[in-house]
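Asker: Residue-level listing of the chains:
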Amino acid sequence: QVQLQQSGPGLVKPSQTLSLTCAISGDSVSSNSSAWSWIRQSPSRGLEWLGRTYYRSKWYIDYAVSVKSRITINPDTSKNQFSLQLNSVTPEDTAVYYCARDPGVKYCSGVTCYYYYYGMDVWGQGTTVTVSS
Amino acid sequence: DIQMTQSPSSLSASVGDRITITCRASQGIRSDLGWYQQKPGKAPKRLIYTASSLQSGVPSRFSGSGSGTEFTLTISSLQPEDFATYYCLQHNSYPLTFGGGTKVEIK
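Those protein sequences? They're chains A and B, same order as listed.
Each residue of the first sequence is one higher than the one before, counting from 1 in my numbering.
Each residue of the second sequence is one higher than the one before, counting from 134 in my numbering.
These are computed hints drawn from the structure, not numbers from a lab.
Fair warning: there could be bad hints in the mix.
Stated by the list, open to error - BS3-like mimics (lysine-lysine), calculated; alpha carbons at most 30 Å apart, straight line:
id: 1; chain 1: B; residue 1: 172; chain 2: B; residue 2: 240
id: 2; chain 1: B; residue 1: 240; chain 2: B; residue 2: 175
id: 3; chain 1: A; residue 1: 13; chain 2: B; residue 2: 172
id: 4; chain 1: A; residue 1: 106; chain 2: A; residue 2: 58
id: 5; chain 1: A; residue 1: 58; chain 2: A; residue 2: 13
id: 6; chain 1: A; residue 1: 79; chain 2: B; residue 2: 175
id: 7; chain 1: B; residue 1: 240; chain 2: A; residue 2: 68
id: 8; chain 1: A; residue 1: 106; chain 2: B; residue 2: 172
id: 9; chain 1: B; residue 1: 236; chain 2: B; residue 2: 175
id: 10; chain 1: A; residue 1: 79; chain 2: A; residue 2: 68
id: 11; chain 1: B; residue 1: 178; chain 2: A; residue 2: 79
id: 12; chain 1: A; residue 1: 13; chain 2: A; residue 2: 68
id: 13; chain 1: A; residue 1: 79; chain 2: A; residue 2: 13
id: 14; chain 1: B; residue 1: 178; chain 2: A; residue 2: 68
id: 15; chain 1: A; residue 1: 13; chain 2: B; residue 2: 175
id: 16; chain 1: B; residue 1: 236; chain 2: B; residue 2: 178
id: 17; chain 1: B; residue 1: 236; chain 2: B; residue 2: 172
id: 18; chain 1: A; residue 1: 58; chain 2: A; residue 2: 68
id: 19; chain 1: A; residue 1: 106; chain 2: A; residue 2: 79
id: 20; chain 1: B; residue 1: 240; chain 2: B; residue 2: 178
id: 21; chain 1: A; residue 1: 58; chain 2: A; residue 2: 79
Only a predicted model underlies this, so the values are computations on that prediction, with no experimental measurement involved.
Construct the entire structure; sequences and hints are all you get.
Answerer: Structure below.
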């Protein structure tokens with residue numbers, strides 16, 4: 001079955017970069033149907049979707065507006081994983097960070113096709129990241 | 134962004150009780166909604182997808198209903214392992230957004 005294994009530091013200094021990795025087993029980061037997301041959870045912000053990457057003949061990446069100026073999500077096909085970088089962190093970025101799979105299916109009507117995503121079904125174990133000096 | 138309003142924020146119930154949790158979307162989201170259970174220190178676990186489809190391996194006492202803007206999660210007979218926090222997630226449009234959560238506690 002699909003499993004996601006997160007890694008990365010649990011403590012980051014203010015103004016520095018938060019970096020996490022999510023290793024995938026049982027599926028592929030280059031899957032033509034799945035998308036791969038990062039989500040965080042804090043008492044003040046609840047569960048917050050941060051962004052996703054997916055491959056549909058080329059790579060696509062979507063980011064939440066709230067972090068768009070500071071976030072980078074990158075796929076790594078050689079290691080079958082994807083990563084999160086969040087720049088210029090502040091204590092407000094202290095949270096538990098999760099990676100997750102968002103499975104999709106392709107529908108076509110005539111020559112028009114689109115993907116329907118079912119929402120996150122498999123989650124990583126979570127990484128508690130504290131931003132503090 | 135679509136706002137998801139979940140109610141109640143907490144409830145106390147006994148083993149064997151039937152409980153219902155509601156999620157309201159700020160605009161119509163068809164049936165593009167999932168329900169998740171989260172226990173302390175663990176990642177959310179999906180129970181229901183597309184509003185009413187039961188995730189494989191999830192007990193049948195969990196059920197979901199609704200479409201458009203109003204959705205419900207029902208647990209027909211609460212079991213000791215069901216005491217947890219429950220969240221809804223809309224996956225109709227990006228950014229994906231979650232409800233604020235409902236904490237189910239033992240009475």
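Asker: For residue 236 (chain B) and residue 178 (chain B), compute the direct alpha-carbon distance and say whether it is at most 30 Å.
Answerer: With Cα atoms ~15 Å apart, residue 236 (chain B) and residue 178 (chain B) stay inside 30 Å; holds.
Asker: Against the 30 Å threshold, does the CA-CA distance of residue 106 (chain A) and residue 172 (chain B) hold or violate the hint?
Answerer: violated, 33 Å
Asker: Take the C-alpha atoms of residue 178 (chain B) and residue 79 (chain A), compute the straight-line distance between them, and say whether it is at most 30 Å.
Answerer: Distance ~26 Å between residue 178 (chain B) and residue 79 (chain A) Cα, so the pair holds.
Asker: Are the Cα positions of residue 13 (chain A) and residue 172 (chain B) separated by 30 Å at most?
Answerer: holds, 29 Å
Asker: Between residue 58 (chain A) and residue 79 (chain A), is the straight-line Cα distance small enough, at 30 Å or below?
Answerer: holds, 18 Å
Asker: Against the 30 Å threshold, does the CA-CA distance of residue 13 (chain A) and residue 68 (chain A) hold or violate the hint?
Answerer: holds, 20 Å
Asker: For the pair we were handed, residue 240 (chain B) and residue 68 (chain A), check the Cα-Cα distance against 30 Å.
Answerer: violated, 43 Å
Asker: Between the alpha carbons of residue 58 (chain A) and residue 13 (chain A), is the straight-line distance 30 Å or under?
Answerer: violated, 35 Å
Asker: Hey, residue 106 (chain A) versus residue 58 (chain A), does the alpha-carbon distance stay inside 30 Å?
Answerer: holds, 16 Å
Asker: Does the alpha-carbon distance linking residue 13 (chain A) and residue 175 (chain B) stay inside the 30 Å limit?
Answerer: Cα-Cα ~25 Å, so holds.
Asker: Are the Cα atoms of residue 79 (chain A) and residue 13 (chain A) separated by 30 Å or less?
Answerer: At roughly 28 Å apart (the allowed maximum being 30 Å), residue 13 (chain A) and residue 79 (chain A) satisfy the hint.
Asker: Take a quick look at whether residue 240 (chain B) and residue 175 (chain B) sit within 30 Å of each other, Cα to Cα.
Answerer: Status holds; Cα separation ~23 Å.
Checked against the numbered hints above, the structure breaks hints 5, 7, 8 and satisfies the rest.
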